[in-house]
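Chemist: Chain by chain, the residues:
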Amino acid sequence: MTIGEPALLLGILLLLPVLVLQVRAFLRGRREIVLLGTHWPREQVQRLFVVKWFFSALAFDLFLLFAVLAAADITWGEQPVEEDRAGLDIVVAVDVSRSMLASDVEPSRLARSLAVVRSVSRQIPAARMALVGFKGEATTLLPLTDDSNALEIVLDGVGPALISAPGTNVEAGLREAIRSIPETSFAHRAVVLMSDGEALSGDPEGPLTELRMRGIPVMAVLAGTADGAPVPAGDGTTLLDEEGRPVVSRANPTLLARVATQTDGTLLRLEALDIVTDLANRLSEFARVREREGFRLVPVRRYRFFLTMSLIALAVSLGVRLVRWRGMF
Amino acid sequence: MWVLDRPAVLLALLIVPFLIYARHFWKNRGGTLSFPFGVWGARGFVPPPSFLASLIAISSVLFWLGVVVMVVALASPQRVTRERSFLTRGADIMLVLDQSPTMAARDFQPVNRFEAARGVVRRFVALRENDPIGLVGFGAEASLRVPPTVDYEHLLRVLDEMQILEMGDGTAIGMGLAVAALHLESSQAPRKAIVLLTDGINNAGEIQPETAARAARSLGIEVYVVGIGSGEEVEIELRDPESGRLLRGTVRDGFDESALRTIAEQGGGRYYYAGSNTALQAVFDTIDTVERVEQRSLLRVVREPYDQLLILVGLALILFDFLIRRLVVREIL
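These protein sequence lines map, in sequence, to chains H and Y. For the first sequence, the tail end lands on 329 under my numbering, and the numbers increase by one without skipping. For the second sequence, the tail end lands on 1333 under my numbering, and the numbers increase by one without skipping.
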């Protein structure tokens, strides 16, 4: 089961003020109903009020809960969708933040990443490639093309200086990767995300949902090791923190693993000896399988179930109040 | 186009009028207490209009509007668009644009030659759908700006960023053609073409234009040459991209039409002269017609759901009614 808009689940917190108002109404109502219904037996009136209030309030709370769940776009299960495509378009989104200059993967995380891109493009020459660089923001470095000469030229010039905005905004990287995939493309599409996963900003949920719905897997390549390495300052020294200690960057697989899982991709490690062959084979195999099967699986949205339950609960809440019980109210 | 994936669900709206009657008008409904106020046989008590009564009425309307909106959300409203996917490959086209200082001549009123060229290139790209188009800029040097791509948004962005003089003070036509040919060399497109726009004579670079044009032809690439300029003395105004200084002067055209014809002949293509904005547009219209490949495409239907927005709107309206009744009206049930 996945939740398309987890932030909307915060709407469940609305239950708190709603409950407060309902309890307030109950406490006041228990007194006032006796004053208003003096011609009925007191105990019966109070009991009836408690019962009606309880079921009406409970049903309204369920209405709110199910409505929030409906809005949160929950999916479970999969259904096949026809996928009639041929060929392969690959968009590589590379983290070009300063931490990618760490040398726990030699010669550096970034240099090794670019070398892998170069090698993979040679192993899949028929694929069109695009290159997106991201730091605090993202930019297309190479638009989708089968011009391998252009790819070589661009790869030689990739570095942190290309983008001025600091940070590592993976959401921006994924959005730019999606933008650079032309809608007129008839080929299978895949994204390769290369990052050390450290200090990532942005919320990738939106682009991940779009990638999943469009059947575009993300092969996430984790650049760096758990032990990490000092971050170069660019002048031959290493970056120092406020206390004068070297800043050490450690690879963090958490977000990259999530990106890969949510898009039916894979998480790979840059330092693996067979990373080039592994990545190239996975990309080629993905296109081959889709072409052979002619369909892909998409998650089934279940909002209708929750919305139906929500409307039923609202109707019950209304009905409990509208039906006159025992000739009283 | 807007559609409902489950329109039958809207039948549920038929019970809404009955619910409205039951909640607001049915005399025997629960949740209310009745008190006699009038003399038997006389007119009943009718409360005077008040702000509270108006607020309750508005709140009730919003409540039922929220219910209707949520029922519509249940019917799965979607925006349907058609997406064309091309099954065949288009023609690869490299545009080679002169960025030398003379391109700032203002004889393509109201703009200069470079702006006029940029304008027609924009229109040319807008008419294409599946043809990978690339961009090479040249002055004293030549450089690939965009490889052949169908990412026209990126191409146009780079085109808008190009400036006169950023490739140096010179006209290396041969280098521009050579760079373009290099990046079409391995192309598998059924047709390949280079479109060269220049107003000058080759006076820089190691490769002669005729040599580059012959090399392009041997790679199966056709070379179209567009000579632009009015042939008269004209004003020139440009800003140095490095220093930001504004430079002004006059220039008398210098392109050798016979040399440009030779380049086109060597490249197996055609030469065109464009002395005005209109003529330049006409030339590109002609090239657009010539460089066309028969395309096969597939129409896909893309559905974008809008239920989430409606659910949130409906929920907000119903909660608003709840708040009014609990906080302002102080309903106890």
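The set of hints was computed from the structure by calculation and includes no laboratory data. Computed from a prediction, not measured in an experiment: that's the story for all the values here. Don't be surprised by glycine CBs; every beta carbon is placed ideally from N, CA and C. Misleading hints may appear alongside valid ones.
[Stated by the list, open to error] Residues from chain Y shown here face chain H by an in silico Cβ test under 8 Å; the list is partial:
(1) Ile-1020
(2) His-1024
(3) Asn-1028
(4) Arg-1123
(5) Phe-1124
(6) Val-1125
(7) Ala-1126
(8) Glu-1129
(9) Leu-1155
(10) Glu-1235
[To be verified] Covered, in the sense of this in silico footprint (three residues per stretch, anywhere, with C-beta under 8 Å from a C-beta of chain H), are these stretches of chain Y:
(11) 1141-1151
(12) 1172-1180
(13) 1208-1222
(14) 1236-1250
(15) 1306-1317
(16) 1324-1331
[To be verified] Sample of chain Y residues at the chain H side, in silico, Cβ under 10 Å:
(17) Pro-1007
(18) Asp-1092
(19) Thr-1289
(20) Arg-1292
Chemist: For each hint, tell me whether it holds in the structure or not.
Modeler: Going down the list of hints, with the structure as the test:
1. Contact between Ile-1020 (chain Y) and chain H, as hinted, is not supported at the beta carbon level, the nearest pair being about 11 Å apart and thus beyond 8 Å.
2. At about 10 Å, the closest approach between the beta carbon of His-1024 (chain Y) and any beta carbon in chain H exceeds 8 Å, and the interface hint on this residue is violated.
3. Interface restraint check for Asn-1028 (chain Y): the shortest CB-CB distance to chain H comes to about 6 Å, inside 8 Å, so the restraint holds.
4. At its closest, the beta carbon of Arg-1123 (chain Y) sits 19 Å from a beta carbon of chain H; the interface hint therefore is violated under the 8 Å criterion.
5. The beta carbon of Phe-1124 (chain Y) comes no nearer than 17 Å to any beta carbon in chain H, farther than 8 Å, and the hint placing it at the interface is violated.
6. For Val-1125 (chain Y), the suggested interface contact is broken, since its CB lies about 13 Å from the closest CB of chain H, more than 8 Å.
7. Below 8 Å, beta-carbon pairs count as interface contacts, and Ala-1126 (chain Y) has none with chain H, the closest being about 14 Å; its hint is therefore violated.
8. Evaluation of the Glu-1129 (chain Y) hint against chain H yields a held restraint, the C-beta minimum of about 6 Å falling below 8 Å.
9. For Leu-1155 (chain Y), the shortest C-beta to C-beta distance to chain H is roughly 7 Å, which falls under 8 Å, so the interface hint holds.
10. For Glu-1235 (chain Y), the shortest C-beta to C-beta distance to chain H is roughly 36 Å, which exceeds 8 Å, and the interface hint is violated.
11. Coverage of the segment 1141-1151 of chain Y by chain H holds. Counting CB-CB distances below 8 Å, 7 residues qualify, and the rule asks for three or more.
12. Coverage of a stretch by a chain is defined here by at least three residues with a beta carbon nearer than 8 Å to that chain's beta carbons; for the segment 1172-1180 of chain Y and chain H the count is 0, and the condition is violated.
13. Only when three residues or more bring their CB closer than 8 Å to a CB of chain H does the claim for the segment 1208-1222 of chain Y stand; here the count is 0, and the claim is violated.
14. Residue count for the segment 1236-1250 of chain Y with a Cβ under 8 Å from a Cβ of chain H: 0. That is fewer than the three needed, and the coverage hint is violated.
15. Restraint check on the segment 1306-1317 of chain Y versus chain H: 6 residues with Cβ-Cβ distances below 8 Å, three needed, restraint holds.
16. As drawn, the segment 1324-1331 of chain Y meets chain H at 4 residues by the rule of a beta-carbon pair under 8 Å; at three or more, the given contact holds.
17. Taking 10 Å as the C-beta cut-off, the interface hint given for Pro-1007 (chain Y) is violated, the closest approach to chain H being about 14 Å.
18. Here the hint on Asp-1092 (chain Y) is kept, as its CB sits about 9 Å from the closest CB of chain H, short of 10 Å.
19. With 10 Å as the threshold, the beta carbon of Thr-1289 (chain Y) stays out of range of chain H, its nearest partner Cβ sitting at about 21 Å, so the hint is violated.
20. Checking Arg-1292 (chain Y) against chain H by beta carbon gives a least distance of about 16 Å; that is not within 10 Å, so the hint is violated.
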